[in-house]
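Chain order of the listed sequences is C and B. One point on numbering: in the UniProt record's numbering, the residue at position 159 of the first sequence is 159, and numbering is uninterrupted. One point on numbering: in the UniProt record's numbering, the residue at position 131 of the second sequence is 131, and numbering is uninterrupted.
Since the hints were made in silico from the structure, they are not lab data. One or more hints might be untrue.
[Unchecked claim] Here are the computed distance ranges between Cβ atoms for each label pair:
#1 LYS238/B with GLN53/C: 45 to 53 Å
#2 GLN53/C with LYS201/B: 49 to 57 Å
#3 ALA39/C with SER237/B: 52 to 60 Å
#4 PRO79/C with GLN54/B: 54 to 62 Å
A quick note: this is a predicted structure, and the numbers were derived from the prediction, not measured. Glycine is no exception: its CB is placed at the ideal position from the N, C-alpha and C atoms.
One-letter residues, chain by chain:
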Amino acid sequence: MDSWIELLHTAWPFLIRGAGYTVFFALIAMVLGLALGFAVALVRIARVPVLAQAAAVYVSAMRGTPLLVQIFVIYYGLPSVGIEFEPVTAGILALTLNVAAYLSESMRGAIAGVSRNQWLAGYSLGLNWWQTMRHVIAPQALRLAVPSLSNSLISLIKDTSLVSVITVTELMLATKEVIAQTFQPLPLYLAAAAIYWVLSALFERVQRAVEKKLELAHRH
Amino acid sequence: MISIKNVSKWYGDFQVLTDCTTEVSKGEVVVVCGPSGSGKSTLIKCVNGLEPFQSGDIIVDGISVGSPKTDLPKLRSRVGMVFQHFELFPHLSITDNLALAQIKVLGRKEDEAKKKGLALLDRVGLSAHAAKFPGQLSGGQQQRVAIARALAMDPIAMLFDEPTSALDPEMINEVLDVMVQLAHEGMTMMCVTHEMGFARKVANRVIFMDKGAIVEDANKDEFFGSPRSERAQAFLSKILQH
Chain C
1 MDSWIELLHT AWPFLIRGAG YTVFFALIAM VLGLALGFAV ALVRIARVPV
51 LAQAAAVYVS AMRGTPLLVQ IFVIYYGLPS VGIEFEPVTA GILALTLNVA
101 AYLSESMRGA IAGVSRNQWL AGYSLGLNWW QTMRHVIAPQ ALRLAVPSLS
151 NSLISLIKDT SLVSVITVTE LMLATKEVIA QTFQPLPLYL AAAAIYWVLS
201 ALFERVQRAV EKKLELAHRH
Chain B
1 MISIKNVSKW YGDFQVLTDC TTEVSKGEVV VVCGPSGSGK STLIKCVNGL
51 EPFQSGDIIV DGISVGSPKT DLPKLRSRVG MVFQHFELFP HLSITDNLAL
101 AQIKVLGRKE DEAKKKGLAL LDRVGLSAHA AKFPGQLSGG QQQRVAIARA
151 LAMDPIAMLF DEPTSALDPE MINEVLDVMV QLAHEGMTMM CVTHEMGFAR
201 KVANRVIFMD KGAIVEDANK DEFFGSPRSE RAQAFLSKIL QH
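Isolated chain C, as found in the complex:
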């Protein structure tokens, strides 16, 4: 047991730095994914010709193929047609494209879940489509969407581990590298698992705070 503590003490700086990358990936993909997901949801709800169909294919493809394959295609596949990314860029791109597909579906469902009469009420006051969406529908949809958006975002935190396969030293690869030198997989993998868990738990607290805030602004 003492040796484990000593080991973790030595490994700690590497794991924390890896965890930093993990948080970095998760946050950037989260912000970009929410923006892209909202755009995709809007295009599909507004039934923009061509774009809506393209968006549907994109969502289906992203949800229907493994993230690992998507990462490989972007990092190892695209260079053969002349498109090359740094590992960090490729990782962010893959995570963003993947999570945005899931987020867009949650948002689309939530927007559809707001009563049609709320649209009519907005229109009846002279608000146009976008104003009604922005000021009437989206705020209500957000409240409906938070639980399922949070699910995707928690998955995202864990999915960042997959970008370790393209040489990005996030938490997972950092752990592997320490193991390669110390030959102590159990305590180190457990430590990595604990860090993922803590990150997810922290995010759950953020989710609850957001839910509470939205609840307050929607009192019954």
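Let chain C serve as the given structure and place chain B on it in line with the hints.
Frame of chain C, contents of chain B only:
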């Protein structure tokens, strides 16, 4: 003010409105009644273009609702509408419910819009509730806020789509009182309602609809005194029984 000319509407093969023609003059109060499914809510929603129609036209203050060139949001901002289920925005305070469209559509300044909203809230007897959210108010209060919200846009006419049908009986009168007051002030109103007491008190004309068509369009005394159509007679005898 509102001129409905030969309006017909279909949902697929099903015809919901058949050749509806009528007129609401400035300052006039017209009550639309009829059995459920008779198309009265659909007709009133056609007036501000919330429901599209396939043939005929509706002219509101000289502007054609059916024309694809019409700026519908602008037209709607000039015609107030009150819905059966109030449709306040649940995520906004009463103040913000009243101010939103004034700011976004009419371009009023925020403090100006809030002041106007508060004045109208006072008029419907609810100024104490300005900071609350819709869910904290009773149905009758919410509907009065909805009327104030529509009035805040300075509408040239008001459309009411069964404004009291979703209310508990003890709350109906507080809403009708506001509507009566509006009528007395000379507001042009088209009201889908079964409140025949309201119709008797303030309506100039009563329109009776059945199966998507306007069956009877008569001035109030004529309608209540001696409705010409059998269907209107049957309808009246049913709802005036008690």
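Cross-check of the supplied hints:
1. LYS238/B with GLN53/C: 45 to 53 Å: holds, 51 Å
2. GLN53/C with LYS201/B: 49 to 57 Å: holds, 55 Å
3. ALA39/C with SER237/B: 52 to 60 Å: holds, 58 Å
4. PRO79/C with GLN54/B: 54 to 62 Å: holds, 56 Å
When the structure is compared with the earlier hints, no violation turns up for any of them.
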